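Based on the hints, put chains B, C and D in the right spot on chain A.
Residue numbers (our numbering), protein chains in the order written: chain A, 1 to 236; chain B, 1 to 312; chain C, 1 to 397; chain D, 1 to 296.
Note that these hints are calculated values from the structure, not bench results. The hints are all genuine.
A few chain C residues facing chain D, derived, Cβ under 10 Å: (1) Arg219; (2) Asp227; (3) Ile353.
Among the chain C residues that face chain D by a calculated CB cut under 7 Å, a handful are: (4) Arg211; (5) Ala212; (6) Leu234; (7) Ala357.
Here the structure is a predicted model, which means the values were calculated and not measured. All residues carry an ideal CB built from backbone N, CA and C; glycine is no exception.
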Amino acid sequence: MSETVIEIDGVDSGYGEVQVLFDLSMQLQRDEILCLIGPNGAGKSTVLKTVFGMLSPWTGSITYHGDEIGGMAPEDIVREGIGFVPQTDNVFGSLTIDENLRMGGVARNDDLKPVLSELYDRFPLLEEKRTEKARHLSGGQRQILALARALVMEPDVLLIDEPSAGLAPNTADEVFADVQKVNDMGAAIMMVEQNAVKGLDISDRGCVLDQGTVRFENDADALLDNDEVTELYLGG
Amino acid sequence: MAVTEQFLELAANGVVYSSIIVLCSIGLSLIYSISGFANFAHGDTMTVGAYATLVAFGAIGGIGFSVLSLPLGFFLAVVIGIAITAVVALVTERIVYKPLQIGSLGLLITSIGIAFIYRALIQVGFSAGTYRYELEALRPIDALVQYGIRVTEHDVAIVISTIVLVVGLHILLQHTDLGRKMRATADNPDLARASGIRTRNVELWTWTIGAGLAGAGGAFLGLFNQLVPRMGFNELLIIFAAVILGGIGSVYGAMLGGFLIGMIVEMTPILSTVGIPIGSEYGAAIAFVIMVLVLLVRPEGIAGQAVGGEGG
Amino acid sequence: MTKAEQAVAGIVAAVAIALLLAMLGGVLSPTYFLFLFGLGGMYALMSLGLNAQWGFTGLINFSVAAFFGLGAYGAAIMTASNSPLAGGFNPIFGLALALALAAVVAVAIGIPTLRLRADYLAIATLGLAEVIRMVILNEGDYTAGSQGLRGIPSFFEGWPILSAFPETMPGLEIEIIPGQAVVLGTSFWRQLLNVSLMLAFLGTAFFVLRRAHRAPWGRVLRTIRSDEDLAKALGKNTYWYKMQAFVLGSLIMALAGVFYAHLNLFVNPGDLDPITTFYVWVAVMLGGAGSNRGALLGGFVVVAIREGPRFVGDVPVFALDPGPLRLLLIGLLIVLVMRFRPQGVLPPQRELIWPTAIDDDNRTTPKMGVREAKTDGEMQGSTDVSTEQSGGGDSDE
Amino acid sequence: MSLLSSQVEVIPMSESGSDIEMQENSPVQSGTGRTGANLDKDDVVLSVTDLEKSFGALVATDQATFDVERGTITGLIGPNGAGKSTLFNLISGFYQPDAGSVTLNGNDITGTVPYKIVNNGLIRTFQTPRKLEGMTVREAMLVGPQNQPGESFHKLFTSPSTVAESERQNLAAVERILEEFEIDHLATQPATDISGGQMKLVELARAMLADPDILLLDEPVAGVNPTLANKLKDQIRRLNEQGTTFLLIEHDMNFIMSLADPIIVLDQGSVLTEGTPDEVRSDDRVADAYLGGGGG
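Bound conformation, chain A alone (with noise of 0.2 Å):
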């Protein structure tokens, strides 16, 4: 029945030098929202990177669909059908809400007014500033326009890192309720979030990071219930 979009399998990664993933395996299946937690270094972020080639896997691969996606660029990835939410600087600040849309989908070939519109309907808050800048909205808005920038390419995966960081608590819920929104609508989801359990609340499945490596993966309702998880983040 679930079939795996994306399958990492016993990947190294890390910055220069410095390795943080240790020999990570996880998948993403289809259609579900997948949520990467916890403490901080312990290498979710990284996850995202490499997947998105961001950064290259020093060894193991990366599949998608079965296709082997490690090591390619970001901007080969896009064309695949995997759309990335980075954390912070996510949106084009010097260009306009629509240009930062038009930005998203550089890589189609097809007219953009169609999916603009459609988004511009799903997003209305986008539509009323569709002139302005970018750099004039508020965090919240930046999180929606970064996420509908990366819904512009119609992604069968998004990878999306932290979309509540810096969120006053009630914005947060509403880019999570976006989240499940462009779940519903398809996109498997492979997302990082620090309110592991906001972010679990919304997700089908968790993983939990710990030094670069998976601790434990389950349900999302079960991590929610495990005690050690706790532990995890705030010392035993």
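Below, chains B, C and D alone, put in the same frame as chain A:
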């Protein structure tokens, strides 16, 4: 009366000179925005444009009908000159700057070396002497002389060409995919790649356009004055002053800064007329003083965003 | 000695022998040799100055020629016979004025730019050089403008014994190769005096800089070059240190200008041509940023670049004007050094610790040279690192 | 306590336990009363009051208020983006605060340049070790001591013997402290050639040479293997016993919980609470801040 007349004349000249400075300032700022270093070879890139135009015009000759006393062949030569300049800059970027792994200061120093290589090669090919395009010298336009404005049709051609190029660039930046990609890449290269932009191509296009504009500026500078191997390097300080005034890395700031600095430099003689004993030879010095004042008061320039001054 | 040091020592020895042979053979006149040697010392002096700014501290100064010119004009204005201001003073006053001018200008340009990113200093100094050149060219009432200042006396004019030294020395005729007598006359002794002055300036500057470089003072500068924030976090007033290094370097450049004025006995605005600045840059880059002996070496290499094309131009194959050839050489050298040996030929090797504070057997000279060490610091084992450097760090970092 | 239960119990728990204690300890002097910090301390070396800093729309530091008592090892923790590093940068003069004040040893140092803050007795380290190119380890160490006579240019020539004497003393101090840190074998290695963990030790050792009253460590064990981390912990304890106050940011909870007391918890730019490691660990609001579920 005399002051007004002089003012008008200088202002008219200033507009012509500013046009040239604007073209070059935009190019410098564009390249800075994408490659992150102050390109000291930009002045000599102009020189390349001027001499390339000279050669092209020599080959083509004054063919075709004339616009503003300039034969079509000349405009064709300018286009070829721009293309050659762009190719030279692209080759330089490809074989010199790109392989270096030394940070922006190292690139800056390297660009000085490139500047000298350009100039030395031009001097080898054309000697240190002066050249002019093979065009007949023009008298100022009669209709304007009565107002004290002494500009030739060539000067008008420079201004109009600049306006065409600047408007063209504006349309490119604002209304084409390439322009949006250029702005996006300068704004946030990582996100640009994450969006699927092939940033290396954008970088090369930016170099092409930046150097091409410098080439155009150089060609027009040759028309405005004459061609000498140092012509571009001599303007480098002015161009830097303009770019810093406008905010380094900002294209529209460079337009504004280039216009202001160009006008100020050309209007300097008015100072002695109104009793301030600063001669016209200090035009560049005034540009320098403005630049230093901008650095003191507002290092990010008029239009620029803060670019990482260290603070106290 | 490292390989580079051995190679340099070998080449220096070979060149010295070749020059000696050329002199003995009558190809090179000893007087001209001394002139070239003086010129080499002058460039070495400027290179030492730039080394204090760029090599020690990381400050990009593109107005070396201007500070050199301020030195030359400072000396000339006080001493030249056609000086519109104050000719005829003892050269000591010229020296004083030159240094004062350089210090004032350095502070004035340092105040707005030393707080900013390094590339702003580069742009501002390039402009400064042009402005100073224009002022000297155009303010004829003070500087005699384009006709230049002439009638500058020798530096030792008015000194006991030394002022009359060249005339009192007998003419010597040395004949080692029969028929090729080498004559050492008054002009030779005059050049010898000049060279002594150069050696005195150069020796002083070298001594001062070597001491400063090894001292805690120099260590602060090197910390600033490497990581200014770290220097701040360790309690160093980095702005003040940068200012000191900038002024010190500029003073040394002005000193070279003073020497030049009394060597050439004539200065004009052409002496402020920006190309001089880049000769000096090439010298420092070749020698190795931060290396005082590298700066010395670089200074003499630059004279070869400057004077060499004069001779090469005589060979029909290279029938190029010396001007563009020099320019091309300088340009190519800058690009090639940046590409293939950014640390220079003679990067500093030794630990820089105050000499008498450390016994010699405790002092080490690392084999690779600390500057050449790549940042392959993970040889100790990569297991040691397990966190994200930038990924999972604080988002407000 | 599980994540789920913390979410359920969040409302009743936040009214009890350490919270009450906190309210008792929070005198009115806190500008807003929003701080969860203990402001009732005897000998305060560093005091931060209502500090604020925004970057555009992002409020990184929001009326942060807390005191650091002399002689303690005070921990500063908080989830990603809580504003810990910004706070360090504000305290050490690398950022200018928008509002609020910082007092060090009774002197107002708000908005002062970093070197003056160091002169007042505060040293900080950086999260990523800063490597000094072209220096050996002991040269890099020698940048640490303050007010070296040899740092003044004229003294190099007017009183070289004083310079030599101080250099000799500093060198001896360097060797001694490198031995104490058991890294004396690295003394003449190029500073760019040692591992990240060793660099952290060198940084700590160098900071100590400045003889600070208070040392701010930004993630001292990030990227450090467990053996070296324990070594660092021992060193910090030893130095603390010798009288240095520490304020440290650390993500490694086991490390900080076993070393620091009290621990200040930062969340969304302001102080959520302060307490002993046990209090903090059992405080549900802290769990909420880290794991989410609270607030909204």
